[in-house]
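Q: Sequence:
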Amino acid sequence: MKEDAINLHRMLRGKIEIRNRVAVDNIFEEEKGTLGLIYTPGVAYVSKEIGGNKELAYEYTSKWNNVAIICDGTRVLGLGNVGPEAAIPVMEGKSVLFKSLADINAIPLCIATQDKQEIIRLVKAIQPGFGAVNIEDIESPKVLEIVEVLKNELDIPVFHDDQHGTAVITLAALVNALDLVGKKLDKIKVVIAGAGSAGYGIYRILEQAGCRDIIVADSKGAIYKERADIVSSSSSKNRYRQEIAERTNAGKIRGGIGDVINGADLFIGVSGRGNIISKEMVGTMNKDAIVFALSNPDPEILPPDALDAGARIAATGRSDFANQINNAVVFPSVLRALLDLRARYLDEDMLVAVAFAIASLVDRKHLTESFIIPRVNDPRILPVVTQTLRDAVMKHMDAKERQVLPQ
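Numbering (full-length UniProt numbering), first residue to last: 1 to 407.
FYI, nobody ran anything at the bench for these hints, they're computed from the structure.
Here are the simulated distance ranges between beta carbons:
no., residue 1, residue 2, range
1, D4, A322, 20 to 28 Å
2, E246, V82, 31 to 39 Å
3, H9, E55, 37 to 45 Å
4, K124, I27, 32 to 40 Å
5, S47, I126, 17 to 25 Å
6, K395, G14, 36 to 44 Å
7, G182, A5, 36 to 44 Å
8, G83, N26, 41 to 49 Å
9, N296, D378, 17 to 25 Å
10, F356, K279, 29 to 37 Å
Derived DSBU-like pairs: lysine-lysine, alpha-carbon spacing no greater than 30 Å straight-line:
no., residue 1, residue 2
11, K151, K124
12, K287, K365
13, K124, K99
All values derive from a computational prediction rather than experimental measurement.
All residues carry an ideal CB built from backbone N, CA and C; glycine is no exception.
Please model the entire structure based on the sequences and the hints provided.
A: Pasting the structure below:
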């Protein structure tokens with residue numbers, strides 16, 4: 001695979017390109033050519049119109065279909081801080097998915113700064129040319145702070161794939177898994193390994209959906225309110241981890257994964273580390289346990305081992321096992337819907353609604369232990385996500401705003 005991937009990229013010299021949407025056959029003809037319309041002098045009339053009403057940029061330019069993918073190269077896949085140049089092929093791959101699954105022009109902007117305030121200023125400065133922003137592969141907790149600021153200060157929606165996309169598809173898979181094993185979301189014990197962007201996003205969406213017993217663990221073990229490094233001043237900058245400590249693990253259970261997984265109904269791994277749970281640990285989970293080992297390329301435990309140890313359902317983020325929990329199911333359709341609706345925000349209620357809508361695409365007669373989530377290219381995803389988000393957006397709008405909602 002290494003040799004094939006490198007050879008393909010060397011041959012392609014880039015996976016995306018820009019194409020014109022205007023015919024160029026007669027563009028330079030003096031009488032019937034379109035040059036005078038698409039450029040000077042005719043385009044001045046268009047610019048003047050937009051100058052009087054900037055919302056017309058959605059009607060007269062590609063803003064309505066442009067998404068900026070912002071990455072500083074500090075947390076690329078499972079590789080860590082490899083730099084913005086090394087992030088380019090990953091972001092180009094994401095652009096291909098945006099285009100092929102939702103016909104969105106997603107522009108990779110891999111930037112040569114890792115400073116939080118500079119990133120925020122850059123995104124705010126470029127927003128006139130884009131209808132939405134997708135934040136990708138930036139280290140935590142910095143990225144959570146960036147997303148929070150941008151959501152409050154931009155006029156366009158901000159989607160963080162690691163935080164929002166992974167959370168949505170995880171909840172969608174869980175809804176169907178729980179249906180199979182006959183358990184309720186508000187009655188299960190959940191252990192999440194990893195307190196970065198994905199772990200934080202998953203805890204938030206599970207809590208919003210009604211889950212009441214959640215334990216999040218990081219490299220130091222279970223997070224709880226009185227843990228020394230959580231309450232110390234040195235950790236005060238990571239208020240997201242402090243939020244987790246305040247709102248989860250009410251029993252203040254201590255110890256590593258091997259301690260807290262005992263008696264759990266669900267394990268979710270987003271630790272970025274492979275093989276951190278053993279068959280013996282899975283064996284201590286409750287009957288009909290569910291294991292989502294989502295770290296790539298090496299999951300926290302391989303599905304055959306989890307199933308052999310007694311898990312009823314196992315899933316990973318990989319395509320070579322059943323039940324791939326892939327955020328590619330989510331981000332193209334959500335961004336497509338946000339662009340079409342010209343939404344200005346994306347809140348937790350909307351994410352929960354999208355997760356349940358995606359889960360509903362796997363009907364009961366097809367639901368099995370090895371098929372709990374629709375495939376990435378399922379053509380039903382886009383329309384159901386669009387309708388779900390439209391309904392959610394309209395709940396927040398007054399009558400006047402609804403009148404101008406795109407049809």
